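*Asks:* For reference, the chains in residue letters:
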Amino acid sequence: MIQAVLEFMEKLMLLGDEAIAQGAIDAGISGIYAYPGTPSTEIMEYVINSKEAKQSKIRSGWATNEKTAMEAALGMSYTGKRAIVCMKHVGLNVAADAFINSAITGANGGLLVVAADDPSMHSSQNEQDSRFFGKFAMIPALEPSNQQEAYDMIHYGFEISEKFEIPVLMRITTRLAHSRSAVVRKQTRPQNEIHLPGNLKQFILLPANARRQYKHLLQSQANFQEESDNSIMNQYIDGPDKKLGIVACGISFNYLMENFPDKKIPYPVLKLGQYPITRPKMKKLYDECDEILVLEEGYPIIEELIGSFFGLGKTIKGRLDGTISRDGELNPNIVGKSLGMEFAQTRPLPSVVTGRPPKLCKGCPHIYSYNALNEALTNYSKGRVFSDIGCYTLGALEPFDAINTCVDMGASITMAKGAADAGYKPAISVIGDSTFTHSGMTGLLDAVNDNSSITVVILDNATVAMTGGQKSSATGKLEKICEAIGVHKDHIIVMNPSPKYHEENMKVFKKEIEYEGVSVIIPRRECLHTAARRIKEEKKKKELEKIKSE
Amino acid sequence: MKKDIILAGVGGQGILSIAAVIGMAAIDNGLYMKQAEVHGMSQRGGDVHSDLRISDREIASDLIPEGKADMIISVEPMESLRYVPMLAPDGWIITNINPYVNITNYPDMDDILKEIKSIPNHIALDANKMADEIGSKKSANMVILGAASLFLGLKYEHLENAIAKLFKNKGVDVIEINLKALAAGKIFADNYNKN
Chain U
1 MIQAVLEFME KLMLLGDEAI AQGAIDAGIS GIYAYPGTPS TEIMEYVINS KEAKQSKIRS
61 GWATNEKTAM EAALGMSYTG KRAIVCMKHV GLNVAADAFI NSAITGANGG LLVVAADDPS
121 MHSSQNEQDS RFFGKFAMIP ALEPSNQQEA YDMIHYGFEI SEKFEIPVLM RITTRLAHSR
181 SAVVRKQTRP QNEIHLPGNL KQFILLPANA RRQYKHLLQS QANFQEESDN SIMNQYIDGP
241 DKKLGIVACG ISFNYLMENF PDKKIPYPVL KLGQYPITRP KMKKLYDECD EILVLEEGYP
301 IIEELIGSFF GLGKTIKGRL DGTISRDGEL NPNIVGKSLG MEFAQTRPLP SVVTGRPPKL
361 CKGCPHIYSY NALNEALTNY SKGRVFSDIG CYTLGALEPF DAINTCVDMG ASITMAKGAA
421 DAGYKPAISV IGDSTFTHSG MTGLLDAVND NSSITVVILD NATVAMTGGQ KSSATGKLEK
481 ICEAIGVHKD HIIVMNPSPK YHEENMKVFK KEIEYEGVSV IIPRRECLHT AARRIKEEKK
541 KKELEKIKSE
Chain E
551 MKKDIILAGV GGQGILSIAA VIGMAAIDNG LYMKQAEVHG MSQRGGDVHS DLRISDREIA
611 SDLIPEGKAD MIISVEPMES LRYVPMLAPD GWIITNINPY VNITNYPDMD DILKEIKSIP
671 NHIALDANKM ADEIGSKKSA NMVILGAASL FLGLKYEHLE NAIAKLFKNK GVDVIEINLK
731 ALAAGKIFAD NYNKN
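Here the protein sequences come in this chain order: U and E.
Sequential numbering from 1 applies to the first sequence in my numbering.
Sequential numbering from 551 applies to the second sequence in my numbering.
Hint data in this document are derived by calculation from the structure and do not stem from the laboratory.
Please note that a few of the clues may not be correct.
[Stated by the list, open to error] Here are a few chain U residues that face chain E, going by a calculated C-beta distance under 10 Å:
| hint | residue |
| --- | --- |
| 1 | Ala177 |
| 2 | Leu256 |
| 3 | Lys263 |
| 4 | Pro266 |
| 5 | Gly340 |
| 6 | Gln345 |
| 7 | Leu360 |
| 8 | Tyr515 |
Since the structure is predicted, the reported quantities are computational estimates derived from the model, not experimental observations.
All C-beta atoms in this analysis are idealised placements derived from N, C-alpha and C, irrespective of residue type, glycine included.
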């Protein structure tokens, strides 16, 4: 028994993402749903690889997109079981319809939505702040400051989700998602049994029901507020110097503490980890201090909320008044400077250091697709290739300079369609296999229905490559999908993107670009990393079988 | 005891294997640890780094403040210089001197070495060659870690134990060769300091 307790107390070294995953396993989820996206990918990966999750028969695996993931999680919650759904911040845009309406239906089994924001856009096209989505949906939201809190808050999140029968949002940012630290586990909870909601009309958002449900959501706001007011996730830490009061949200609290090695901050600090924002603690800080400094990753949400529209009241410092840059992630130095601290001059960056941007890997199949496409387009004016989100977006860089757009998942096809509709021909779309099944299929249907003259190039490397090689929903299905959508089978052409077939491929591109109507070209070759990993795993499997048979 | 370490390299060079050994040695000795990693787009051949912090007191920030890093451990020479603004005045640079050339405008190696040597506390070593001599090109990262072992504030045996633990599933031979690589790096650094 003592041994068991000791093992239980053993510290795990986990990424923030992994702490969330372990927290969810221990909090008794029956399923996890997600589409890969930096910095959220490792949550699902951890559960997929967890032996405990397998033993507990927790459902795991990649969804086709964030919307299908969100809906499946809601369906699991409908049955009374606990579910978690994870995505990057822009993934929540894709899932938004289901997400916002899940606040109206409410949850039955505990339902947690994790959105991983990427301030400074390390691997993203914007730095939108998911806390806005929490407020927009009018549901409780959590924001951990470290890995242990992330783990603990998952347990707490499921508790309040079931207590208030509402989905709960957890917002993290890149540095927490991808930083490793010690985590101590809690007691595990058993999974829920299937039990449908008491009111079976709750999930039917016909206007008459929806109005009732919406009123219920509005009435629940006071409960969410009271929960947050009393929550230990929101801590008022007093300090003797009332000239300044500091609001520190999520991970910004760590950057603040870093500037006070003895852990003694002279000013009162409100450490925030839960929304809606606690009113009594915020009021105490505002009333007692001369000025307020707001430290928050992402958008100046709190700063705007507690500041005055007309510039009346106390001075609020943060991202809006210029104390802190309006964009980009925080760090210890930025926070230190916002407190008026001065830092010694550091050594300059040696001039010999040159940039090393990411690029397509040596031998990557995309290289040969772009080489052939570029050559096929030499006789046309520039600016004809609408592209999408994935490794192939690196085709925008030298030496390829091959694509002209990258906006959101699936936009390549529909933007090419819009351009073709405007009379801009040829218009070419370049999209990856997983991005195509994520959000490209419906756009292709639009193009077929309008007979828009576009050439859709689906780069099929049989994986979700940019996020580390997750299973693609498209593998083995692309031709059939395109034909079923209505693309004529004579204009669905598979090619091998290899230097050996350059001339041949180039001619296919040239011919299909001339075609008046929708054509689909599928350059198909497995991602080098995925192939290497697959071969290694197959070899390992064979060796194991050999040992077993001996 | 507190060490702030920046691990540097190019996406795909495996800097996290060094972080794993130091991290495990630290944890097994009751120290606190935080380690920020880079995932996503930069891993495709771009510059990558990891902030590794170990301490006998609780660590606040996942990121190391500017000008506070005790050392930069780099598996690539130009990448070691990218983080010089992060280095403390008396900080160390321990770097491999084998360039990873995947850009057309890679600078002249002489200029890079001159710049590395202008940092008073530096160790520049040909870890690839040393690993090759031991018989495993793959263990170059452990050679570099061996050279850094003098400055980590951790006992050398603890690093050895961590290697044995981490490579347990790969067999005795792999452990042996990595321990040899670690020792080669340490000996090199010992002598480098004497010169």
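*Asks:* Would you mind marking each hint as holding or not holding in the structure?
*Replies:* So, going through the hints one by one against the coordinates:
{"no.": "1", "hint": "Ala177", "result": "holds, 8 Å"}
{"no.": "2", "hint": "Leu256", "result": "holds, 8 Å"}
{"no.": "3", "hint": "Lys263", "result": "holds, 8 Å"}
{"no.": "4", "hint": "Pro266", "result": "violated, 16 Å"}
{"no.": "5", "hint": "Gly340", "result": "violated, 16 Å"}
{"no.": "6", "hint": "Gln345", "result": "holds, 8 Å"}
{"no.": "7", "hint": "Leu360", "result": "holds, 7 Å"}
{"no.": "8", "hint": "Tyr515", "result": "violated, 33 Å"}
Hint violations for this structure: numbers 4, 5 and 8, all remaining hints satisfied.
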